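Using the sequences and the accompanying hints, generate a full structural model.
There are 2 protein chains.
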Amino acid sequence: MDDRRIPEATVARLPRYLQVLLDAAEAGTTTLSSEDLATAAGLTSAKVRKDLSFLGSHGTRGVGYRVPQLADEISVALGLTVDRPLVIVGIGNLGRALASYDGFNRRGFRVVGLLDADPAKVGTEVAGLDVESVEHLETIVAERGVGLAVIATPAPHAQSLADRLVAAGIGALLNFAPTHLVVPDPVALRTVDLSTELQILSFYEQGVTGMDAAAG
Amino acid sequence: MDDRRIPEATVARLPRYLQVLLDAAEAGTTTLSSEDLATAAGLTSAKVRKDLSFLGSHGTRGVGYRVPQLADEISVALGLTVDRPLVIVGIGNLGRALASYDGFNRRGFRVVGLLDADPAKVGTEVAGLDVESVEHLETIVAERGVGLAVIATPAPHAQSLADRLVAAGIGALLNFAPTHLVVPDPVALRTVDLSTELQILSFYEQGVTGMDAAAG
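Quick note, the sequences are listed as chains A and L, same order. Counting the first sequence from 1 gives a position; the numbering used here is that position plus 1340. Counting the second sequence from 1 gives a position; the numbering used here is that position plus 1340.
In short, the hints are calculated from the structure, not lab data. Being a predicted model, the structure only gives us computed values, none of them experimental. Hints are supplied without guarantee of correctness; some may be wrong.
[As the list claims (entries may be wrong)] Within a straight-line C-alpha distance of at most 25 Å, the following computed DMTMM-like cross-link-like pairs (lysine to aspartate or glutamate) qualify: (1) L:K1461 - A:E1465; (2) L:K1387 - A:E1465; (3) L:K1387 - A:E1472; (4) A:K1387 - L:D1525; (5) L:K1390 - A:E1465; (6) L:K1387 - L:D1423; (7) A:K1387 - A:E1348.
[Stated by the list, open to error] Covered stretches of chain L, going by a simulated chain A footprint (3 or more residues, C-beta under 8 Å): (8) 1349-1363; (9) 1368-1382; (10) 1410-1424; (11) 1428-1436; (12) 1500-1507.
Just so it is clear, CB atoms sit at the ideal spot from N, CA and C, and this is done for glycine as well.
Structure below.
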C-alpha cells in the first residue's frame, strides 16, 4: 500500500470483498471483473474500483482482478495473515455464542481466553476452553500476546473492564455491552448494540421515510 | 415530525439519545442541554442539535431539552410505542443468546417465536418459549402479527429463509448470518457480521492508518 490512509468506509467494505474472493477461489475462479465483484458484494463497479485502488490494485483491462492475488492483498491490509489472539470477557449467553462462533476462528483470529467474574463459571468448559477468572485478565493478556478483546458483559461492568484491558495493552475492543464506552487514542473501538440495530430497523419498518432503508 | 426524511445517520443515532434520556429520567433529571446530551453520547453539541431538529425538537435557550418529552418524541419516531412482535430463526448458540437478550424485550420488542429446522431442538424450551418448527414459519408470522425477524442460521440457509419471511409479510430483517442477503424494496435489512467487525478492528489495531479509528 502506497497510501495508508484508507477511508473508513472502504475499510468497512474490505471484509466483504475478501469473502467474495475466497468464495470465488473455492469455486476455482481465477479472475473477477469489477462488475463481478460489484454484483456479488451488492455495490456499484465504480465503488469497487475506487475502493481497491486504495490498496494499489487496479486490475487489468479485459481481464479483471486476479482472485488469489487480490485476496492476499486484502488479507495483508486487514492484518489477517498474522495470528491474532483474542479474549472474550463475559461468558453469559452472548459470550458463549461468540466463543462458539465459527467466524472468530477463521481469518487468523484465535480465541485464547474466556474470562468471567462468576466463580460458578470459572473452570467450566465452553467451546473447548476452560473459563478463567477475570482476576487474571492482566496476566492472560500479557502472557498470550492478546491484542483484541471482545466485551460481552452487562453494561455496568463494561467500562471498568475496558479500562483494565487498555491498561493491559489491548489495541482493539469489540463491545457488545449496550453502553457507550470511552477508550484513549489510538485504541480502536467498535460497538455492536443489538437493541440499537432493532430500533433502527423498527424506524424503517414503519415506512415513515422514503429513503433506501437497505443498510445491509 | 414535519419532515419525515430523517437522514440515515441521524436515525442510527436516535437509539443512543434515547438511552441517555432514559438513564437521565431514571436519575430524576428533568432537563438536559445539548452539551449534556453530546457528552453522554460521545458527539458534538452541534451534531445533537442538528439531529434533534429533524424531529422538530429545538430545546429552549438556557433550559435545554425536556427529558420525558424528548424521550417520547424519539420513541414515537422509532416506532417503539407500539408492540413489535418478532421471531428469531435459527436457535443455535447465537439464536439462544439473542432469545435471552434483555435488550430485545425492552423498548416494545417482544420475541413471540423461536424457529429452527432441527427436529431435536423443536419442542425444547429456550428463554421461556418452546422452539417451533420452521415449517410453520408462514403461519406463525401471519397469526402473531410478526413484522420483524432475526436470522441467526448458518449462511447457506439465510437467503431462502429471508425469501420466505418476506413472502410471509415481514417488513424488516436483522441478519446475523455471514452472507450478503437480497430483499426487495421496501423491506428493511441490516446485517450484523461479527467476523466483519473483527476484521475491521484488526485493520485499525495494526496502526496502519492515521485516522480516528474509534467507530463506536
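Verification of the supplied hints:
1. Of the pairs offered as hints, the one joining K1461 (chain L) and E1465 (chain A) holds, with about 22 Å between alpha carbons and a cut-off of 25 Å not exceeded.
2. Proposed proximity of K1387 (chain L) and E1465 (chain A) is contradicted: the alpha carbons are some 46 Å apart, above 25 Å.
3. Restraint check for K1387 (chain L) and E1472 (chain A): not satisfied, since their Cα atoms lie roughly 42 Å apart, outside the 25 Å limit.
4. Restraint check: the Cα-Cα separation between K1387 (chain A) and D1525 (chain L) comes to about 22 Å, which is no more than 25 Å; the hinted pair holds.
5. For the proposed pair K1390 (chain L) and E1465 (chain A), the alpha carbon gap of about 49 Å is over 25 Å, so the pair is violated.
6. With a C-alpha separation of about 30 Å, the suggested pair K1387 (chain L) and D1423 (chain L) falls outside the 25 Å cut-off, and the hint is violated.
7. For a cut-off of 25 Å, the pair hint linking K1387 (chain A) to E1348 (chain A) stands: about 14 Å separates their Cα positions.
8. Restraint check on the stretch 1349-1363 of chain L versus chain A: 7 residues with Cβ-Cβ distances below 8 Å, three needed, restraint holds.
9. By the rule of at least three residues with a Cβ nearer than 8 Å to a Cβ of chain A, the coverage given for the stretch 1368-1382 of chain L holds, with 3 such residues.
10. As drawn, the stretch 1410-1424 of chain L meets chain A at 5 residues by the rule of a beta-carbon pair under 8 Å; at three or more, the given contact holds.
11. Three residues within the 8 Å Cβ limit are the bar, and the stretch 1428-1436 of chain L against chain A gives 4, so the coverage statement holds.
12. With 0 residues bearing a CB less than 8 Å from a CB of chain A, the stretch 1500-1507 of chain L misses the requirement of three and the coverage assertion fails.
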